[in-house]
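Sequence order for the protein chains is A and B. Take the first sequence: its position 313, counting from 1, is numbered 322 in our numbering, and each next residue is one higher. Take the second sequence: its position 262, counting from 1, is numbered 271 in our numbering, and each next residue is one higher.
Errors might be hidden in some of the hints.
[Claimed, not checked] Not close to chain A: a few residues of chain B, all C-beta gaps over 12 Å, as computed:
hint	residue
1	140
2	175
3	225
4	231
[To be verified] Here are the computed lysine to aspartate or glutamate pairs in the EDC-like style, where the Cα-Cα straight-line distance is at most 20 Å:
hint	chain 1	residue 1	chain 2	residue 2
5	A	168	A	306
6	B	254	A	234
7	B	320	A	306
8	B	106	B	134
9	A	320	A	304
10	A	320	B	234
11	B	54	B	43
12	A	254	B	234
13	A	54	A	76
14	A	168	A	103
15	B	106	B	162
16	B	106	B	155
[Claimed, not checked] Partner residues aside, some chain A positions facing chain B, computed with beta carbon under 7 Å:
hint	residue
17	237
18	239
19	259
20	284
21	285
Don't read these hints as lab results, they were simulated from the structure. Built from N, CA and C at the ideal position, the CB exists for glycine as well.
2 protein chains.
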Amino acid sequence: MILRIDISGLVGLLWLATIMGLLGCSRHGENSVDPLPSWNEGPTKQAILDFVQSVTDSSSEWFVPADGRIATFDNDGTLWSEQPVYFQLQFALDRIKALAPQHPEWRQRQPFKAVLEGDLQAVSESGMRGLLQIVGASHAGMTTSEFEQIVQEWITTAKHPRFNRLYSECVFQPMLELLAYLRANGFKTYIVSGGGIDFMRPWAQRVYGVPPEQVVGSSIVTQFEMRDGVPVLMRYPEIEFIDDKEAKPVAIDKFIGRRPIAAFGNSDGDHQMLQWTAAGEGRSLMVLVHHTDAEREWAYDRASHIGRLDKALDEANA
Amino acid sequence: MILRIDISGLVGLLWLATIMGLLGCSRHGENSVDPLPSWNEGPTKQAILDFVQSVTDSSSEWFVPADGRIATFDNDGTLWSEQPVYFQLQFALDRIKALAPQHPEWRQRQPFKAVLEGDLQAVSESGMRGLLQIVGASHAGMTTSEFEQIVQEWITTAKHPRFNRLYSECVFQPMLELLAYLRANGFKTYIVSGGGIDFMRPWAQRVYGVPPEQVVGSSIVTQFEMRDGVPVLMRYPEIEFIDDKEAKPVAIDKFIGRRPIAAFGNSDGDHQMLQWTAAGEGRSLMVLVHHTDAEREWAYDRASHIGRLDKALDEANA
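Turn these sequences into a full structure, and let the hints guide you.
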């Protein structure tokens, strides 16, 4: 397996083949002062430690003042698993099932019929139009506060089909350590994900230590309205922004207004975010999580429908 | 002059008639421990001090943990002046003049002809279509980095026509003190302005102590592109988002993901932001800056084209 480490170049992507698979439980660190005890020793871990050292040491030529230490993380497949389906899709499917008693017509109408019958193949065949109907029915038609409650209930009760754990426990322990390590070194850690911004915010602080204002993601349209004299934000079934691929640097610029010096992803959807990070002045760190552990998690890359890693892998190898 | 102070109610807007006019120079505080030395003594100042005390005292029933202490500030007319024209409009007009030698056709074409001839009446008569042409020509057609440089140069050289000071010096000293006072009490201070997000970010940290990621504003479309092998974000002459009126609570929800407990504005464009803040649980502080000092700044409200204060004033009076 190729390990490419070039943390200061314009196009160098650091390829992690070694960190995957620890789901929800920590490996015991041999050294109590090791900030990354779940990481295998080796050049990848060393490169991360060296990078952090170089940008935080005020005598280093690569020193970056604390307020410029911005690190962005993809979520699906980078901080938590994205198999066998994106967890937010599972949330939407669960939500359709929960709402079905109020919508008897769904038993005869695609894509809802397929969802209720558990026919994922038919759901998939309903295409983008079907997916938008599912998103609309599950994510819109309520206030932002109501949606937050719905997400909170799901994330604290629904279980992953393979691991039989809460989805918020199907996170990568090495990445939790990395988040904490960066923050301990003055970094501001952001999530920049194709996932829904309002789907992640209710639990990102508890699970990742990332507050709502540091979560960037896809969104649907919301509108300010008065309801019984009380101002609310209503959620409408219309996509506003898809935070993926070329849109990630755009979102980073819009929400953060500074270029990251470290970025972490796992798929071609993160490629442009890593390129944007690499093109900054000074030293930068770009990391691709490569899913290679079929035993403890999943192994997938170029041929996967979920989290396809192809072009970015080529660039990492180059 | 009516002074309405109701900092905990659902619809109470705190109306400041007393703080205006100190442009760029500090009044001497009689008391060295006074955190707001430029503020007149009285119920308004006292209400602010009481509010901050009540949400920061852990034994108070209104206590709010530090990470929930979100305060949002309008910019034009709240933190800096907005007369005789919005400063960003002046930036656009100056930019058109600077670019004119490269565009000889502008001498014959409206609205550019009017700009070059200094005919503000004709600029105004060109309406929204003319304004968008001016914005497009002055704010788009370059990378985000290039635009940042252009703004930096203008903000450090252009002078206000009445005060003959840099625009960044035409800020309200009492509000600078308020920003600093809130931050010293654990608040995260945000700008939520109808002004351009990319126009404010280059100088907001230096002038207001507000970092780029805490500046929310209007935006035009940007796109990720490769230029000579280097990734850039190009600015296009298309409005993406106008951060005004009903859109301010939408933007607050999108960018911050939490409801403010304190909000500061000066016009009907801030009305919904104050309503949204007031509708939160717990105690909240809503402040309207009322421009009443024609001698040291300007006096205007209901009849003004800039910073019209009408409906929100009614609500404050009620």
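Do the hints match the structure? See the list:
With 12 Å as the threshold on Cβ separation, the claim that residue 140 of chain B sits away from chain A holds: the shortest Cβ distance comes to roughly 22 Å. The claim that residue 175 of chain B is not at the interface with chain A holds, since no C-beta of that chain comes within 12 Å of its own (minimum 22 Å). The beta carbon of residue 225 of chain B sits about 9 Å from the closest Cβ of chain A, which is not more than 12 Å, so the claim that it is off the interface is violated. Distance check for residue 231 of chain B against chain A: the nearest CB is about 5 Å away, which does not clear 12 Å, and the non-interface claim fails.
Between residue 168 of chain A and residue 306 of chain A, the direct Cα distance comes to roughly 16 Å. Compliance with the 20 Å bound is thereby established for this hinted pair. For the hint pairing residue 254 of chain B with residue 234 of chain A, the CA-to-CA distance comes to about 12 Å; that is within 20 Å, so the pair holds. Taken as a hint, the residue 320 of chain B and residue 306 of chain A pair is broken in the structure, with Cα atoms around 58 Å apart against an allowance of 20 Å. Between residue 106 of chain B and residue 134 of chain B the alpha-carbon distance is near 19 Å, which keeps this suggested pair within the 20 Å criterion.
Restraint check: the Cα-Cα separation between residue 320 of chain A and residue 304 of chain A comes to about 25 Å, which exceeds 20 Å; the hinted pair is violated. As the CA atoms of residue 320 of chain A and residue 234 of chain B are separated by approximately 16 Å, the hinted pair is consistent with the 20 Å bound. This hinted pair checks out: residue 54 of chain B and residue 43 of chain B have alpha carbons roughly 11 Å apart, not beyond 20 Å. With a C-alpha separation of about 12 Å, the suggested pairing of residue 254 of chain A with residue 234 of chain B holds against the 20 Å cut-off.
As the CA atoms of residue 54 of chain A and residue 76 of chain A are separated by approximately 24 Å, the hinted pair breaks the 20 Å bound. Using a Cα cut-off of 20 Å, the hinted pair residue 168 of chain A and residue 103 of chain A holds, with the two alpha carbons roughly 11 Å apart. At roughly 15 Å between alpha-carbon atoms, residue 106 of chain B and residue 162 of chain B fall within 20 Å of each other, so this suggested pair holds. At roughly 18 Å between alpha-carbon atoms, residue 106 of chain B and residue 155 of chain B fall within 20 Å of each other, so this suggested pair holds.
With a cut of 7 Å, the hint placing residue 237 of chain A at the interface with chain B is violated, because the nearest CB-to-CB distance is about 11 Å. A distance limit of 7 Å between C-beta atoms decides the matter here; for residue 239 of chain A the minimum to chain B is near 6 Å, and the interface restraint holds. At about 5 Å, the closest approach between the beta carbon of residue 259 of chain A and any beta carbon in chain B falls short of 7 Å, and the interface hint on this residue holds. The beta carbon of residue 284 of chain A is positioned within 7 Å of a beta carbon in chain B (closest approach about 5 Å), and the interface hint is therefore held.
Given hint, residue 285 of chain A at the interface with chain B, holds; its Cβ is 5 Å from that chain's nearest Cβ, closer than 7 Å.
In terms of the numbered hints stated before, the structure departs from hints 3, 4, 7, 9, 13 and 17, listed from lowest to highest.
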